[in-house]
Structures are given as structure tokens and as C-alpha cells.
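Novice: Each chain, letter by letter, is given below.
2 protein chains.
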Amino acid sequence: MQKSNAFVDVLKNIRELVGAEFYSDSLEDRLCYSYDATIEEALPDAIVSPGATEDIARIMKWANEAKMPVIPRGAGTGLSGGSVPVKGGLVMILTRLNRILEINEADFYMVVEPGVITNTINEVMAKKGFMYPPDPASMKTSTIGGNVAENAGGLRGLKYGVTKNYVMALEVVTPTGEIIKTGTHTVKTATGYNLTQLFVGSEGTLGVITKITLKFIPAPEHKESMMAIFKDMNQAAQTVADIIKSGVVPATLEFLDHITINAVEDFERIGLPRDADALLLIETDGMKEAAIREIASVEEICKKNDAFKTQKAKTEKEREIVWAARRVAFSALARVRPTTILEDATVPRSRIPDMVRGVNQIARKYNIMIGNFGHAGDGNLHPTILTDERDKEEFARVEKAIEEIFDLALKLDGTLSGEHGIGYSKAKFLENEVGKDGLAVMKRVKDALDPNGILNPGKMSL
Amino acid sequence: MQKSNAFVDVLKNIRELVGAEFYSDSLEDRLCYSYDATIEEALPDAIVSPGATEDIARIMKWANEAKMPVIPRGAGTGLSGGSVPVKGGLVMILTRLNRILEINEADFYMVVEPGVITNTINEVMAKKGFMYPPDPASMKTSTIGGNVAENAGGLRGLKYGVTKNYVMALEVVTPTGEIIKTGTHTVKTATGYNLTQLFVGSEGTLGVITKITLKFIPAPEHKESMMAIFKDMNQAAQTVADIIKSGVVPATLEFLDHITINAVEDFERIGLPRDADALLLIETDGMKEAAIREIASVEEICKKNDAFKTQKAKTEKEREIVWAARRVAFSALARVRPTTILEDATVPRSRIPDMVRGVNQIARKYNIMIGNFGHAGDGNLHPTILTDERDKEEFARVEKAIEEIFDLALKLDGTLSGEHGIGYSKAKFLENEVGKDGLAVMKRVKDALDPNGILNPGKMSL
Chain A
714 MQKSNAFVDV LKNIRELVGA EFYSDSLEDR LCYSYDATIE EALPDAIVSP GATEDIARIM
774 KWANEAKMPV IPRGAGTGLS GGSVPVKGGL VMILTRLNRI LEINEADFYM VVEPGVITNT
834 INEVMAKKGF MYPPDPASMK TSTIGGNVAE NAGGLRGLKY GVTKNYVMAL EVVTPTGEII
894 KTGTHTVKTA TGYNLTQLFV GSEGTLGVIT KITLKFIPAP EHKESMMAIF KDMNQAAQTV
954 ADIIKSGVVP ATLEFLDHIT INAVEDFERI GLPRDADALL LIETDGMKEA AIREIASVEE
1014 ICKKNDAFKT QKAKTEKERE IVWAARRVAF SALARVRPTT ILEDATVPRS RIPDMVRGVN
1074 QIARKYNIMI GNFGHAGDGN LHPTILTDER DKEEFARVEK AIEEIFDLAL KLDGTLSGEH
1134 GIGYSKAKFL ENEVGKDGLA VMKRVKDALD PNGILNPGKM SL
Chain B
714 MQKSNAFVDV LKNIRELVGA EFYSDSLEDR LCYSYDATIE EALPDAIVSP GATEDIARIM
774 KWANEAKMPV IPRGAGTGLS GGSVPVKGGL VMILTRLNRI LEINEADFYM VVEPGVITNT
834 INEVMAKKGF MYPPDPASMK TSTIGGNVAE NAGGLRGLKY GVTKNYVMAL EVVTPTGEII
894 KTGTHTVKTA TGYNLTQLFV GSEGTLGVIT KITLKFIPAP EHKESMMAIF KDMNQAAQTV
954 ADIIKSGVVP ATLEFLDHIT INAVEDFERI GLPRDADALL LIETDGMKEA AIREIASVEE
1014 ICKKNDAFKT QKAKTEKERE IVWAARRVAF SALARVRPTT ILEDATVPRS RIPDMVRGVN
1074 QIARKYNIMI GNFGHAGDGN LHPTILTDER DKEEFARVEK AIEEIFDLAL KLDGTLSGEH
1134 GIGYSKAKFL ENEVGKDGLA VMKRVKDALD PNGILNPGKM SL
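The listed protein sequences correspond, in order, to chains A and B.
Taking our numbering, the leading residue of the first sequence gets 714, the next gets one more, and so forth.
Taking our numbering, the leading residue of the second sequence gets 714, the next gets one more, and so forth.
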């Protein structure tokens, strides 16, 4: 096969370029890089760990000539199959590029390589009195490059935004092997097309990100946390609406439904009431007086909406306990059944009650188990389907339910993905949201930058 | 001439479509739309004021077939020649599309048409207790569509960001006449390419924006303003650095240099000391206790850096007086000489002293007059060249000085434009910032979306 021969030569060149230590085409290694945190799986032809931008540019030039797929990959914690090599080819692992190159405390920016662990950034900046706000649940393992590629979110979306809001500039290797710089190190810029934000969230389909300039901000001097428990989900929803209406913008405003509360209680006895329909976790932050006054007004709103329990954390330890329920939510749900599918259908905040009710109806209709938790403040819900992929009959129902969940989110003026990306898992649904002409424009952009379609093919239906 | 004939037919069709009232090819009208707020000028072939998205789609289809340039235009307050029809063609005025279509107070977004005046948005939202933060100096005349097209900034960039940070979704007519929707009404989204941010700041070269979803936020409950005057620009610069270092992020942090202070004092006797080298205007906002504590800490920092006068506004009236100096800065400079060229070279905040010193050296070198004022907090400086374009000899020196100012901004890790865009005036400099390969990527995007190059040709060197 001619195509294979072309690949063999290119792979040989790549192995020579980076050294045998950083290249592999053994089945064991290929298996290790055949999946992410979803249930998708596909074997690559080979894997490479380049150590320099120039090597990546060289590899992209060769791959482009040979029309060989290249799939950039960070830690593989993605939740949409974004880094799964569904068309084979070369998985390019970017974790060797893991240096923090610059921290500019006067101008509030830092330059990092894509392989830096997100939590490292959070910790390094916290020690200096700053905050890098995006905090995806995977941050202790995920890389910042993956966060940028998928526009990862986290708990602080409402007040602080998501990854895209903190990316100021990039160095990118194009699919044709040019090294370009996008954006600036200035707060304001109106110079040329915003290529930075075109690459952010492009899921490795438009370029390989090799340097990232991130904005950071001063850390808030004070935090206040509380939990409120409700007998009826509508009371919780009204509480969220009333908090927002009062002008308070909490740093986090998290929601757990009845199924999730019970899974958490099974997993780790925190003492949550099992008959509760909804739980809200709220944190305010900022200057001390402000955060205290805000949490007091939040507590009042919770009580006005008949929360049957509110609990303010008085110490850092109490704060930890308040947040334990949220932190273990996914793990608690994941142990109920063998397969856990975490979705991130997102709606405008005011539509959350409609969304939760709708998801529950879908669960009943298809007789499957779905827990709901997520970011009430920004409408980013995580319907979590508890199933067993080996049970073909049940899994067929699950797939239908997922389709209906997406339809519902779109009907409620929402979006297919709040923070996980489209990747492979949701590729076939993309047109439902962006329309035929919208998708055609995306395709034109993709073709313009990647004429041979080698970069992460098969994703986002592009 | 065949090309002309093709235009004649298309223009006849367009006139019929929109009605004679909303079309003109008279010389008077063409002259009215031959310029913006720069010194650039070029006559269009005709002007049209469409009243509906569908009409715009029809016009774009016809124009695309005839390869006739179309130049979208709002209020024409642009400062980079962005809406000047440098290749002739049809100026498309979008001011008839001036409705606020929806205000969603629960989900913090509004949907507006591009012809709404920016200040109308500010006022409407303020009355409801919200804030739409971008406040370009032109906001009493400029349209939100123009703001989006140029990614306009304003005084609140440091704390609140610029126009791009508030655009959630768009309806856009492509150069080939399709109507697409980009973005979502949700706080978070990771669905497909970020076409919204590709269109924001694309200066009318990629599509005609026909609907805009803007994010708004709760208005801060309290504001505190103060002025600080310094004998030496370095003291002011150190003050800015120290404020930022202290963790205070002022809502505005404005700077006026010696020449600007004297022009202001000539124009309107506020009582500024004429020997002052720099003046800072600072506003903190947020919850009352927080804003008061912040302004106190700012005042202390000003005194520590030997400000020879600080003045805190105690009433709304005093606040007005404090801000009068900044508000009249441009008008005061503009009356000194017949021609005023307002630049917006922008550098990382910590490089402002280097930038001001460098601009002053350039002014001396070319023996021209340049006042400096701008947004110290976000590094967005407005070197304002006071000249007379009829004096060919002097103007040649001015052009050289402008080139050197841009070179300097880039040398200081800055950008050609903080908030005015590249347009026509700075097109030839764009490659200096984004590089040959970066510009090539922009060109590929442009060609992909606008294969006949009809939308606002001659801009951004694309």
C-alpha cells in the first residue's frame, strides 16, 4: 500500500528527529494512547513526544506532505473524544513541553508551554498572591494545552469566565508547518483577526499550540462558603434567580440533584438529607467586607425560598466539608454502575429547572439512571448517565436519551457543550446547533488552514 | 466598461429592493460617506441603507456575483479608516437596524441590532441597575455594530475588558450571502470554532453583522474618584505599578501628560498646575466598603510616590470636575493645530514610561507636537499628533514619526492598535506585528470566507 509506505518513511524520519526514546509504534504504547476519559477508542499508528517547537514544525511539514493524520494530545483527560485518533496516524504528546517560561507580575501575564499541569499554574500563582481562575475538575492531571484546545471551564464560570477569557496570545504550529504568533501581551488589542480565539477551543484541528500567554488576576483577599438544602428543586432554582437578581455574583454557585445527593451520601457520609431534592453550594469572594455582606444576603435569599437547611462555613475546615459534597459528586455517581457518561449540555441559567425536569423525563422515558449536578450560576449542567456499555439493549436506550438531551438543550436556547468540546462524541450533533451554513463556514476555515485535513481528522464533523 | 455595467445593473436591483428613499448615488450623498474620523477619504459608487437582514443577504449575493465592493458602516466615527471605501463600491449603512430586540435580565444578555447607539445601551442598562462596561470615547455617536467590528475599548479595559469580552453571539451575513448564527446565549460554550470572536474586530472584512447578543453585568453599587498630580512622569508610572501590585484593580486609571495638561488648561480652566508632568485619574467601584477602602489605599500610594496634589471627589459634582480634565483632553488637543491624528499604540502597562519617553524623543527628533494621554491601567496610550496636513513638509515628518511610534510600540512588546483597529491607516504596518506567516493565515481565512474579496477591500492588507 503506497499510503502506508509514505507513513513508514515519515515515521522513520520523525523517530530520528526526536530520538528513539521519544517515539514509539509498539502496540503497548499505541494502546495507551488510544483513548481519553470517554468510552471512545481507536489505535494510532505511532506516538511521538517532541521537545521543541521547531521539531513540531518539521513533523507537521512531513506529515502534511504524506497526508498523515496528527493528533495533538495533553494528559488525555478530555470528555468528548477530542484526542482519540479515530483515523489513526500519529499521536503527538505535548507533555514534554512543560515549562513555565515567564511570569510577569507587573503586567499580569505568564507564558507557559502546553504541557504544564493546570493545577501547577493555579498553585504557583496562588503562592504569589494571584489567581488563574479556570478550574476544570480534571485540573490536577489535565494540561493547560488541553484546556486551551477544549476551552475548558470549571466552577467559576459565572464570575470569572473560562479558559478562553484568560488566553492572551499563542504560539502555534500550523498544519502546514509554519510557526505563527497570535495575540499580544497587552490587555487591549485591535490588531488583525483574533486568531488567538480561533485556535482556543478548536480541539487540535487547526494548529498545534506550543506556547500560551495567560492572563492572571489578583487573588481575592477573602472567601465565604455556604450550603443550602431544598425539598423542591424549584425552590433552589428560584434561589439561584433571586441571588443573581440581587446583584450578587457568586464565585461559584453549584447544584446537586436528588440522585447525586444520594450517591454522595452512599459514597461518603456527609450527613446530607436523603429526601432533599436539591442542594446549592455557594461561594462569594473579593474584599472581606464585600464577601461577608454578599454571603449574608445569599443566606437570606435561601431562607426566603424555604431552604430547610443552610450552613455557612466558619473555618477553612468547615469550608472543605461544605465543598466535599461537590468534589465527590462525579466519583460517587461513577461507582453506581460500570459505565458513566458525563454530559455538559448547557442552557441559559434561567432554564435550568426546565432542563433538569426534561432530563428526568427523558430518564424515565428510556428507563435509565441520570444524575444531575453542575454549575447553576452559568447554566452548565452535567447530566451523568449511569449505565453499562456491555448491555447492548440498555446502551441503545442510553444513546437515544443522549440525543434527546441535546435536542432539549438546544430547544431551551442552550448549547451542546459548555466546557468539554464537541470532539468525536458529539460531532454528528454539531450541525443541529450551528446550522448548515454555520458549519460550512467552519469547514471553509478548516480547509483554509489545513488543506490536507491532517490535523485531528474526524472531529467536530469538519 | 463591462465591470461598470455589471455594477449599474446590481445597483438598480438594490435600489428597487430597498426603495429609492434608502439608496443614493448622488455626489452629495457619496461625499457624505467618503470619510470617517481620520484624514482618509475615498468616494463610493453608491450608498444603501437596508432595513432587514434578508435584504442584506440578497445584496451580498448580487454584489458577490458582480464582484462589487461592499463597505459596512455604522456612524463613521472610526479612527483607522475602517469604513472608508478605498476601492469604491457600495457603502452599506446599518443605522436603520437600530432596535433593542431583547433584554434578558435573568440571564444577563441582550440582543441588539448593529445600528443601536452605544450610549443608548449604556443608558438603558444603567436604568435597570446593570452595566454594559465598554465605553469608547465616541459612544454618544458610535453604533454598537461599529464597536463590534473594530473591537472598541474605552476607559474600563483593565477591570472590565473591551467590546469583545461582551459579545456572546452574532447573526452575520457572509460575503457570499448566507445568514449564519454564531455563539450562544449561555455563559459557557465549547461548541465548534469561536466564529463570534473571529468576526469581532474583523473590521467589516468577513461579514455584515446584523444582530448582536451582548452580555451585561450588575452595576457596581458605589464609585470613588480621585485625581493625583505629579511633577515627574516616573512618579506617576511608579504609582500605577504600585496600585496594581497592591491588588487594587481600579475601574479606570487614566493618564495625561504635560502637553495634554496644558492644552486642557488652555481650553477649560480647571486649575491644573501647568508645570505638572503627569496627572492620574483613578476610579474604584464595586460594593461600597470595598470601593472606599480601595480608593483610600490608592490615595496613600499616590502620596507615597510624592504626588504634589491628590483630590478625592466627595460628591457626584466633584466627581464630574475630576473627570472633566480627561473628558476634554482630545478636544483640547484638537484645537491646538488644524489636523489632529489620534493614535492608539499600546504596550504592556509596565512599559508606559518607556513609551511616553520614546514618543517624546520622536516628537523632538521630527520637531512635531505630540500630546500623550490614555489608559494607564491597560497600557493603551493615545499619542496625539498636532499638525497641519496642508503643510506637506511637516506632514512628511509626521508620517515618519508615526512609523517610529509603531516600531517603538512593537519593540516594547506592544501592539499597533489597542482599540481603533488597523483599517486602512495602519494596513501597511500589520505584517510588522503579526509576521509574514501570521498575515498569511489571516489572508487564508479572508479568502476562505470572501473568495471574491468584495467585503471592505483594501483594509488590514488582506
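Hints listed in this document are in silico derivations from the structure and should not be mistaken for laboratory results.
Being a predicted model, the structure only gives us computed values, none of them experimental.
Each hint should be verified, as a subset may be incorrect.
[To be verified] Keeping only pairs whose Cα atoms sit at most 20 Å apart, straight-line, the calculated SDA-like set for lysine to any residue is:
#	chain 1	residue 1	chain 2	residue 2
1	B	Lys-928	A	Met-844
2	B	Lys-800	B	Gly-1171
3	B	Lys-928	A	Lys-1156
4	A	Lys-1001	B	Lys-1030
5	B	Lys-958	A	Lys-1149
6	A	Lys-841	B	Ser-959
7	B	Lys-958	A	Lys-894
8	A	Lys-928	B	Glu-1144
9	B	Lys-1149	A	Ala-770
10	B	Lys-1017	A	Asn-878
11	B	Lys-958	A	Gly-890
12	A	Lys-1149	B	Lys-774
13	B	Lys-1149	A	Glu-1106
14	A	Lys-774	B	Leu-1152
15	A	Lys-894	B	Glu-1144
16	A	Lys-958	B	Phe-843
17	A	Lys-928	B	Ser-1063
18	A	Lys-936	B	Gly-1148
19	B	Lys-1001	A	Met-844
20	A	Lys-958	B	Glu-815
21	B	Lys-958	A	Ser-1010
22	A	Lys-894	B	Lys-800
23	B	Lys-958	A	Glu-815
24	B	Lys-1030	B	Arg-982
25	A	Lys-1156	B	Val-721
26	A	Lys-841	B	Lys-1001
27	B	Lys-1001	A	Lys-1149
28	A	Lys-1001	B	Lys-936
29	B	Lys-1156	A	Lys-1149
30	B	Lys-1001	A	Ser-1010
Novice: Any hints this thing doesn't respect? Which numbers, in order?
Specialist: 1, 3, 4, 5, 7, 8, 10, 11, 13, 18, 19, 21, 22, 25, 26, 27 and 29
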